[in-house]
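Undergrad: Here's the letter readout for the chains.
Protein chains: 2
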Amino acid sequence: MIAEKMKELVANSSVIRKMFEEGKNLSEKYGAENVCDFSLGNPNLAAPDGIKNAIKSVIEEEDAVFVHGYMNNSGYEDVRKAVADSLNRRFGTEFGAENIVMTVGAAGGMNVAMKSLINPGDEIVAFAPFFGEYRCYASNVDAKLVVVPANEPSFLPDAEVFAKYITPKTKMVIINSPNNPTGVVYPESTIIALADVLREKQKEYGTEIYIFADEPYRELVYDDTVKVPFLTKYYDNTLVGYSWSKSLSLPGERIGYIAVSNKIANFEDLTSALNVATRILGFVNAPSLIQRVIARCVDDVADLEFYRKNRDMLYNGLSEMGYDCVKPDGAFYLWIKTPIEDDSEFAEIAKKYLLLTVPGSAFGCKGYIRLSYCVSPKMIETSLPKFKTLLEEVKNM
Amino acid sequence: MIAEKMKELVANSSVIRKMFEEGKNLSEKYGAENVCDFSLGNPNLAAPDGIKNAIKSVIEEEDAVFVHGYMNNSGYEDVRKAVADSLNRRFGTEFGAENIVMTVGAAGGMNVAMKSLINPGDEIVAFAPFFGEYRCYASNVDAKLVVVPANEPSFLPDAEVFAKYITPKTKMVIINSPNNPTGVVYPESTIIALADVLREKQKEYGTEIYIFADEPYRELVYDDTVKVPFLTKYYDNTLVGYSWSKSLSLPGERIGYIAVSNKIANFEDLTSALNVATRILGFVNAPSLIQRVIARCVDDVADLEFYRKNRDMLYNGLSEMGYDCVKPDGAFYLWIKTPIEDDSEFAEIAKKYLLLTVPGSAFGCKGYIRLSYCVSPKMIETSLPKFKTLLEEVKNM
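Protein chains in written order, with my numbering: chain A, 1 to 397; chain B, 1 to 397.
Rather than coming from a laboratory, the hints here were simulated on the basis of the structure. As the structure is a prediction and not an experimental result, all values here were calculated from the model. Treat the hints with care, since some could be wrong.
Just so you know, same-sequence chains aren't split out, so a pair can sit in one copy or run between any two.
[Stated by the list, open to error] Here are the simulated DSS-like pairs of lysine-lysine, each with C-alpha atoms no more than 27 Å apart in a straight line:
(1) K7 with K203
(2) K81 with K29
(3) K144 with K7
(4) K52 with K388
(5) K366 with K7
(6) K24 with K388
(7) K24 with K201
(8) K7 with K395
Same shape as in the complex, but just chain A:
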């Protein structure tokens, strides 16, 4: 008898992951070269050479007992310092090692942050469309996930609407920019407006409301004019969650961090809680060898040009055909309005053409599909004529 809470989760097991398995099965049946799998955010781009070299250097130059051993639950002191220094250089923050907790990826980090802050019954606010796993993470701490409806067609949060969803029970607001699944980057004006609302609401209710900035795609922006504001500068009660899964193509390694604002309420207690939560949730610490590698590659980034080209090819190709796409400034997702109302039905029809996509319903926003373009350019090329025939078919429905 599995746990009650797990029964539904097991039954409805993540749409995204199911598609992953389905893709594998279709590949075996029809040949991998014929299946266009746009379903998963698994970078089809090797980690930069710097990673391989750093792994070699670490195991040759550093002591094995140290490299593979326990350290403080928050991570190696020097690694945390290297991360803090890198953030300070790039974003003008004033972090030290004490502001950084190394985490088992962004997913691990978000669970650690929620465990540290959330009481049962607290509300966590997210903006639709959102990464479906937020719902599970909120459930882990018996919180209620409150969803602000999508603001179409820009998919930028509207501060006035947002304000209506903040209650005395709101403890955390998740901001995810560059956004999964829309690829939209929130400009500074949006961040300022949201921060203003939260400051007012904190005063009105006499509560602390924390922003958790979920930023695994921070580095993945495709135009020099697009800036991703660093949120600790705009709002004191901010934690920034990061992962090198995308920027260094290391999703399997489970390595990320939480950066805590110097001005956050109860800094000492909160950073201690993050440390303890890392331990008691069973993470214990972020994987050690990869932490040491990160210290040596902290300013490296994967080949963004690869993703930019993919974006342009896919966005331009589909837009020209007549698909209604949100132009993604960042991340590696394309968010498309489905030509028929039912996004799940559309995704099913697409499968006949060996096109694997994720229906918007998985992100709390019907009538759209998400394509991940962290794939081979060849696959995008192969897919375009298929998308064209698909559009013709559904137009005639």
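Let chain A serve as the given structure and place chain B on it in line with the hints.
TA: For chain B alone, coordinates are given in the frame of chain A:
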């Protein structure tokens, strides 16, 4: 404002980890060579050379996208198969990849198992003395940790006493052999007696009661005549949790597995739940590169002779002085009756001699201290005269 549940945890933050920090501070003050830190289970033994070689081979021979990429939440199929084959060779089990879930260490594995099985209010049974973190893990799933009192002086569970602690709410029993903190290995007769009790109780209550065998020390036994029974052979509803932290000196890497008995109740649902729990708790998957390394080193073990010598030097040395020690057949801990009643006071006095130990209270069993002997032989040598003077001091109290 941190979460209510975290407040006490932050305040009482793990005794073991506090000692770790304290040891560092004492080392800075008095010189590392003068501090004898027996407090933490952090192997002072480098990982076998095979690990270094395997890391190099993996990054040279395998595709980087594959090595650092996502895979099924339960782990790479071939790695799980390699683990299953190794268990089959060594213990005569009949596992396939489907029986194995790769985990973020044993701590990650235990949290995944509890999330998969436990409903709020369920009871999880542990035998005193026990690894103090069990209490936190049980709390994560709102379970009640029921503690069977220590059976002195053997520290082997007594089946009749055990039976009294099994109720209709019992969902899981944790068996940890070789044991932390006593070093005791449960013989087959003990396992059979406990399994018989559980089968009877399952029938009586019409419930399923699962054994979680927490086995990070399985390979660490110091005598060919000592066998560690593999629990799936004795009881159907068994999950075995393992970690390579100790056997391959990789505690920082967070790599382990859960092996699920073929005959466990609801095998399909349970293994799916373990997969989903790995995902939603934020682990997502066990770190990928180290998974691939494990596949190449699955039968390797650290230098047991190193630990055996340490055990003999410490156990013989302290016993001869007059300390009342439990002879450890396995793990790398020595469990000593404190010469004064108050174990915390004794540990405090020991600190004056720069001897760092963990009071038994941290393991739910007063009147004892635990020494970890995964340390340098030199440190044990240095410590012996200190322990002698310490004993003389407390005898005169």
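Undergrad: Each hint should be assessed against the structure and marked as holding or not.
TA: Against the structure, the hints come out as follows:
1. Taking identical chains as interchangeable, the C-alpha atoms of K7 and K203 lie at most 27 Å apart only when they sit on different chains, with a minimum of 24 Å there against 41 Å within one chain.
2. In the homo-oligomer, the alpha carbons of K81 and K29 lie at most 27 Å apart only across protomers (23 Å), although the nearest pairing inside one protomer, at 49 Å, exceeds that limit.
3. Taking the shortest alpha-carbon separations for K144 and K7, both the intra-copy value of 19 Å and the inter-copy value of 21 Å come in at or below 27 Å.
4. Taking CA atoms no more than 27 Å apart as the test, K52 paired with K388 passes in neither setting, with 40 Å inside one copy and 50 Å between copies.
5. Taking identical chains as interchangeable, the C-alpha atoms of K366 and K7 lie at most 27 Å apart only when both belong to the same chain, with a minimum of 24 Å there against 40 Å between chains.
6. Taking the closest pair of Cα atoms, K24 and K388 come within 27 Å of each other only inside a single copy of the chain (24 Å); across copies the shortest separation is 65 Å, beyond that limit.
7. When the C-alpha separation of K24 and K201 is checked against a cutoff of 27 Å, the pair qualifies neither within a copy, at 48 Å, nor between copies, at 44 Å.
8. For a Cα distance limit of 27 Å, the shortest separation of K7 from K395 qualifies neither inside one copy, at 39 Å, nor across copies, at 58 Å.
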